[in-house]
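**Q** So the sequence lines, in the order shown, correspond to chains A and B.
For what it's worth, my numbering labels the leading residue of the first sequence as 3, then goes sequentially.
For what it's worth, my numbering labels the leading residue of the second sequence as 7, then goes sequentially.
You may find that some hints are simply not true.
Unchecked claim - Reference listing, derived: stretches of chain A covered by chain B, where coverage requires no fewer than 3 residues with Cβ under 8 Å from a Cβ of chain B: (1) 67-81; (2) 164-173; (3) 254-261.
As the list claims (entries may be wrong) - Pulled a few chain B residues facing chain A out of the computed Cβ check, cut under 7 Å: (4) Ala75; (5) Gly77; (6) Leu81; (7) Glu196.
These aren't lab readings, by the way, just hints derived from the structure by calculation.
For glycine and all other residues, C-beta sits at the position ideal for the given N, C-alpha and C.
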Amino acid sequence: MNAFRSDFDTDGMNLTFRPIRLPLLCFIMAGPLLPTVARAEQARMAIAANFIGPTKELIADFMQKTGDVIIPSFGSSGQFVIQIEQGAGYDGFLSADEAKPEKLLKDGFGVEKSQFTYAIGKLVLWSNTPAYPASESTLRAARFSHLALCKPDVAPYGAAAVATLKQLRLEQILQPRIVMGLDIAQAYQFVQSGNAELGFVALSQLHNKSAGTIWVVPSNLYPPIHQNALLLRQGEQNHVARAFLAYLQSKPAQAIIATYGYDMP
Amino acid sequence: MFDPNSIFTALRLSVTLALVTVVIAVSIGIPLAWWLAYSRNWWRDVCSSIITLPLVLPPTVLGFYLLLALGPSGLGAVAAHITGRSTFAFSFAGLTIGSVIAALPYIVQSTQAAFETIGHKPIEIAYTLRTPPLRAFLSVALPLAAPGIIAGAVIAFAHTIGEFGLVLMIGGDIPGQTRLLSIMLFDSVETGDWASAHAIAGGMVAFAFMIILILRLTQKRLTPRT
Numbered sequence: 003m004n005a006f007r008s009d010f011d012t013d014g015m016n017l018t019f020r021p022i023r024l025p026l027l028c029f030i031m032a033g034p035l036l037p038t039v040a041r042a043e044q045a046r047m048a049i050a051a052n053f054i055g056p057t058k059e060l061i062a063d064f065m066q067k068t069g070d071v072i073i074p075s076f077g078s079s080g081q082f083v084i085q086i087e088q089g090a091g092y093d094g095f096l097s098a099d100e101a102k103p104e105k106l107l108k109d110g111f112g113v114e115k116s117q118f119t120y121a122i123g124k125l126v127l128w129s130n131t132p133a134y135p136a137s138e139s140t141l142r143a144a145r146f147s148h149l150a151l152c153k154p155d156v157a158p159y160g161a162a163a164v165a166t167l168k169q170l171r172l173e174q175i176l177q178p179r180i181v182m183g184l185d186i187a188q189a190y191q192f193v194q195s196g197n198a199e200l201g202f203v204a205l206s207q208l209h210n211k212s213a214g215t216i217w218v219v220p221s222n223l224y225p226p227i228h229q230n231a232l233l234l235r236q237g238e239q240n241h242v243a244r245a246f247l248a249y250l251q252s253k254p255a256q257a258i259i260a261t262y263g264y265d266m267p
Numbered sequence: 007m008f009d010p011n012s013i014f015t016a017l018r019l020s021v022t023l024a025l026v027t028v029v030i031a032v033s034i035g036i037p038l039a040w041w042l043a044y045s046r047n048w049w050r051d052v053c054s055s056i057i058t059l060p061l062v063l064p065p066t067v068l069g070f071y072l073l074l075a076l077g078p079s080g081l082g083a084v085a086a087h088i089t090g091r092s093t094f095a096f097s098f099a100g101l102t103i104g105s106v107i108a109a110l111p112y113i114v115q116s117t118q119a120a121f122e123t124i125g126h127k128p129i130e131i132a133y134t135l136r137t138p139p140l141r142a143f144l145s146v147a148l149p150l151a152a153p154g155i156i157a158g159a160v161i162a163f164a165h166t167i168g169e170f171g172l173v174l175m176i177g178g179d180i181p182g183q184t185r186l187l188s189i190m191l192f193d194s195v196e197t198g199d200w201a202s203a204h205a206i207a208g209g210m211v212a213f214a215f216m217i218i219l220i221l222r223l224t225q226k227r228l229t230p231r232t
């Protein structure tokens with residue numbers, strides 16, 4: 003007992019200080035997190051990769067107006083469907099087509115009547131290799147070695163690209179030269195790095211970029227890309243998710259989306 | 007959606023890539039390991055560290071640099087043009103380049119350790135018996151280091167079968183050329199094709215188990231008893 007007491011006395015300063023200091027430190031460190039955790043004023047959105055550009059602007063504008071936080075994840079629409087069906091914690095979904103939100107609704111993962119078209123996408127052929135300017139004739143001449151697109155079974159722009167090739171009757175000839183990106187962002191990057199001379203990407207990805215040549219694919223060559231948004235079951239009670247989807251349909255948001263070359267519904 | 011033929015194509019491609027990779031990596035790796043084991047050069051450690059880098063880095067880092075290196079402004083493009091291509095990306099050759107770089111550290115480390123364990127003695131004894139240096143290397147050092155080389159090769163083979171991040175970045179998912187088993191598994195999961203996913207994933211678990219088992223058994227048998 004005596005030994006213990008003397009120990010306690012010599013280390014007294016440490017013993018009394020430590021319990022106070024540590025929680026205090028934790029509190030200070032966690033300070034910036036506390037408001038968001040406590041009030042949960044944030045929403046997680048799964049967003050098709052063609053919409054990366056406008057999303058950044060839209061979120062900045064939305065956050066400035068409301069103070070609420072949107073956490074975006076980008077990928078192919080098909081990949082998100084699988085993730086959502088496996089219980090991924092997204093509150094809302096901005097798909098690059100109508101079919102995928104429709105499927106989620108049918109399978110009970112979406113909120114009824116929350117679906118709407120937020121943009122109509124445009125497919126372009128893009129080249130970052132001067133020897134192969136993007137055009138229908140370059141495509142037909144077929145002298146290039148790689149044509150990048152995104153996987154048609156998961157990415158709607160990939161499906162549009164395949165439809166275009168079919169319509170031009172080039173599918174058979176060009177099949178061996180097709181390289182697939184996981185999503186449209188990777189297809190873009192294959193062309194940007196010059197490894198693929200040509201690639202089908204979204205017009206919005208080339209916003210404010212002067213590099214390379216662009217051929218806007220005539221809209222009669224592929225079915226229209228109606229990009230639909232959906233509130234997910236997970237986010238049904240999340241007012242930030244609801245507010246963000248409502249904001250997407252507002253005039254200022256539509257103006258931002260239009261600057262990226264999308265048509266408006 | 008379940009298509010045994012396409013799984014078989016991917017399997018054959020994965021195994022071919024792994025075999026080619028191991029053969030190339032072993033032929034580069036043995037001389038490298040020999041030098042690393044016996045050299046007293048100050049930049050030996052620098053070289054050894056550079057070779058080991060892929061072991062520590064995420065494969066995506068290698069993939070990113072390879073994509074740039076293979077592209078039109080990179081070094082790889084020069085080599086590609088000589089062989090009449092525009093780029094090595096999206097090709098079996100490109101995947102091989104990447105996997106050899108990724109597999110080399112496994113072989114070099116294991117082989118170097120084996121050479122270091124043997125030490126100078128057996129070679130010096132061979133020299134005193136007037137064995138020419140190359141002969142001494144081939145008939146003394148190499149057989150003694152065999153367990154280490156084989157262990158490295160097996161791990162490198164298995165690692166190449168399991169390569170994903172690198173292939174994802176420079177492959178382009180072309181059936182029969184760059185669509186490896188690991189990529190096909192990812193595709194199957196992404197499209198909700200659980201039947202194919204189960205077939206591939208289950209097969210890979212069985213394969214990995216076999217590799218580890220073989221490794222344990224051969225190591226027991228090959229390790230020289232002292």
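**Q** None of the hints should be skipped; say for each whether it holds.
**A** These are the hints, each one checked on the structure:
{"no.": "1", "hint": "67-81", "in the structure": "holds (count 3)"}
{"no.": "2", "hint": "164-173", "in the structure": "violated (count 0)"}
{"no.": "3", "hint": "254-261", "in the structure": "violated (count 0)"}
{"no.": "4", "hint": "Ala75", "in the structure": "10 Å, violated"}
{"no.": "5", "hint": "Gly77", "in the structure": "4 Å, holds"}
{"no.": "6", "hint": "Leu81", "in the structure": "13 Å, violated"}
{"no.": "7", "hint": "Glu196", "in the structure": "5 Å, holds"}
Of the numbered hints given earlier, the model fails hints 2, 3, 4, 6; all others are met.
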